[in-house]
Amino acid sequence: MADSPVVTVHDRPNSYIGRSVPRPNVQRLLHGRGTFTDDIKLPRMVHAAYLRSPFAHADIKSINADAAKAAPGVAGVFTGKEIAELCEPYVGVLTHLEGMRSPPQYPMAIDRARWQGEPVVAVVAETRAQAEDAVELVEVDWAELPAACDMSAALDADAPVIHEEYGNNLCWERIVDEGDVDAAFDQAAVVVEDEFTFGRHTGVTLEPRSIISSWDPSEEQLTVYMSTQGPHMLQAIFAKHFGLEEHRVRVICKDVGGAFGIKVHTYGDEIATAALTMLLKRPVKFIPDRMESFTADIHARHHTIKARMAVAGDGKILAIDFDDLTGIGPYSMYPRSSGIEINQVLNLTGGPYTIENYRARGRVVFQNKPLMCQYRAVGHPIATAMQEALVDHAAQALGMDVVEIRARNLIPDDAYPTKSVTGMLFDKLSHHAAKDKLLGMVDYAGLRADQETARESGIYRGIGFACMIEVTSPSPMFYGVGGAPISAQDGVTLRLDAKGNLIVASGVTEQGQGAEAVLSQVAATAVGVTPDKIKIITGDTEITPYGGGTWASRGTGIAGEAAAQAGHALRDQILEVAGIMLQSEPRKLDIRDNAVVDTDTGNERISLAEVGRVVYYRADTLPKDYQSELIATRHHVPKKFPFAFTNGIHCSHVEVDVDTGMVKLLNYWVVEDCGTVINPLLVEEQVRGGVIQGIGGALYEECLYSDEGQLLNGNLADYLVPMAAEMPDIEVGHVTSPNSDSELGAKGAGEGGTGGAPAAILNAVNDALLPLGARLTVNPMTPERVLRALGKTE
Amino acid sequence: MPDSIDIPPVVVTATVNGERVSRAVEPRMNLVDFLREELELTGSHIGCEHGVCGACTVRVDGTIVRGCLMLAVQADGAQVLTIEGLSESGEIADLQENFKTRNAAQCGFCTPGMLMTAAELLAENPGAGRTEIREHISGNFCRCTGYQAIVDAIEETGKNRGEK
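Protein chains in written order, with the working numbering: chain D, 1 to 794; chain Z, 1 to 164.
Treat each hint with caution, since some may be false.
[As the list claims (entries may be wrong)] With a cut-off of at most 25 Å between alpha-carbon atoms, the simulated SDA-like pairs for lysine to any residue come out as follows: (1) Lys-640(D) - Asp-427(D); (2) Lys-100(Z) - Asn-14(D); (3) Lys-254(D) - Leu-39(Z); (4) Lys-639(D) - Glu-743(D); (5) Lys-100(Z) - Asp-532(D).
Don't read these hints as lab results, they were simulated from the structure.
Excised from the complex, chain D in its bound form (with noise of 0.2 Å):
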């Protein structure tokens, strides 16, 4: 092998860390060329439409689909029963969260649907508008049962039980004792205590999930287009409960219009639709349509915590005692299981602080709603809204400011490595940094001063911040270890083509984040090879090296590094044959700008265009006992630690209307350290496009439900999300504590933004409504909730 100095990424001449570079795979989505699943049509495609449960619990007596099989176009009409006898049902639960049950799902309701929305029949016809057609004329006998919707009741002793073989709803529980809490609040100068409800939202991904199905049974291989975050993962889950090796199911991700988690789950409409392929033989589309998203989606969040914090006197934070509870549904999703998000809230309450006694109980029940699952920023929200309110007001108890409060609190940046009271490891975080940082950005005397003036004339302005950490980047401890199909490496195959191009392959996807930029830019840097002669292949596991997909901001952290591990391996292999071409040393040889140079001078020597030419068509022309290889794959996997931790501090300024209720954003600002940062831009973008989601959380998003179970809000029109004209502009600050392990040092920076936002609005607007008294802790907070805490309205 070639013995060329060992140099890092970050010593690299011409080097594109840390710079702002468009992203490679823009232009086609600019000029409307993106191929997003919906766009592709295959010969003799069918469509696929559900007809799905009016009832949020209900049996089917009988289902008489005669009509709609007779209607035109209808190519098959299909019950669960039917689609179940193709596929083994799949169990959502992981072992590592001890106790977790939940019972074998199946694509679609067999006897009894079990929320409003649960897919039942299947309709296959020449095109959508027929598919819907017939699905009108399915007739169905059902028995309206007793619901248990209201998650706060379903543990009740009269609460109708979902699954009879448990007894009761109770889907799991967790807690976590550390220390001598009740110790602490005896000793305490202050306590403080809240009720927290946080609203079930959901992703509203532009573009709905999207798949094409597509059986050949004469090679026994199934083909899936899909819009989706893990190739790989589908690929295993279609294999396993089709009954396929993994190497018959090839899953194809071409652009996707969004994802945020949603995309990264098994839902049953999607695996019926694999099956409808199978008993069809034809390819098999299906697209939901936005009212059905809204009950077939995953949807997030929804908690109601009772909450406590010790304080002394001198404002630190003695203890933490929580109460969550959070209602999943009817099954705990699979694979990914619906215990994660209550996990995190428990992992990650107080996280930035130094706090010694800690008490939380979770508990996660099934109801008749839709699932709950992972969805962007995953459980942060919630414990940075929990916890930021909390020290807000026990700030206020204390008669201390909200800053200082922090200040005092927050975990030494000098104290690195440690662990939090509740076991998480931290590598290296920056809070007091980034606290710095954020008030050299903000004049906050000056927002004090402003304040104070505009109160004189009935004008209410608050400022909240909100301290975070953010999960990113994780280990096989997140689900491996649990025994889920989900692989925490990634893998990037680098190859030098015979012009001297580089063809990058990698297992993460791209839905807009820039994971192809990243890819691009540390390739580029690791070779030596400017960004226009990279080709970036994502999104089809026929072609791609075997990884986990993008979610839990992953992609940067992970097949980042195996980007410059492969680039590493690829350069000694080019600087090895240029070597024997040159007759030169390897070691005295370095790539520059497409063309291998002397190390020494810069002066090139020969382009990689004539390195690939000679490897490939005149190999005659080297040594006889030589073989070059101009192709390298690396995987990366994190070891060191279990989540590469960032950490983030958010400040929101909003003035809220007294009369009417609504909040406005005046300004907002983040600091947010994600380690090596390898596009400014693209990282600035997605703490801003973070930020406005967690803002849709904080004050507009909501899935208003009535007491049977009926979804009530579920369109566009209804379910309120962020608009442009409401929201502010976003100024961004980085700190750069780099992730030690790996050689390129970057962490995530996807989610928090959103799991930042709610805890920095929630104390604005409480610090706007403090001189009325009122007092705000509950998500969205819509103009009629400020309202009733203004006691304004019933």
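Starting from the structure of chain D, add chain Z where the hints point.
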């Protein structure tokens, strides 16, 4: 029972991206389905099918419309411009370049509709300020960017046009 089963197809003739096209379609077919399914112009996207999200925004006889709220038969005889035609005409090349430079598109699903809407504003009022820009695009849902980059890109394009 839907009425379509008994109603024969209707011939729609329109000029789409400068090309005269004619297709026999069901009267209930909406314009964006006509563009996507019949003409295979897949740049116009379907996000909500009830007129809220703006992903299907196209230009009909010079005005932007929601492709999901207009029937294909209503476009009979009309001039229709989609993102594909708008791109090829070069009318928004500067805007597209600024979207690229500013990273004003992430997943790209809202982007064609956003560009259509922004193009209208830039044609009418290239000097629009940030508040006006935000109001003008407030009927286009973007789940990824948080809008700031989009506002920046539109503002920059307007400034540059104003200087020419």
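These are the hints, each one checked on the structure:
Between Lys-640(D) and Asp-427(D), the direct Cα distance comes to roughly 9 Å. Compliance with the 25 Å bound is thereby established for this hinted pair. Note on Lys-100(Z) and Asn-14(D): the hinted pairing holds, with a Cα-Cα distance of about 22 Å set against a maximum of 25 Å. About 21 Å separates the Cα atoms of Lys-254(D) and Leu-39(Z), which keeps this hinted pair within 25 Å; it holds. At most 25 Å may separate the alpha-carbon atoms for a hinted pair to count; Lys-639(D) and Glu-743(D) meet this at roughly 13 Å.
Only pairs whose Cα atoms come within 25 Å are accepted, and Lys-100(Z) paired with Asp-532(D) is accepted, the gap being roughly 15 Å.
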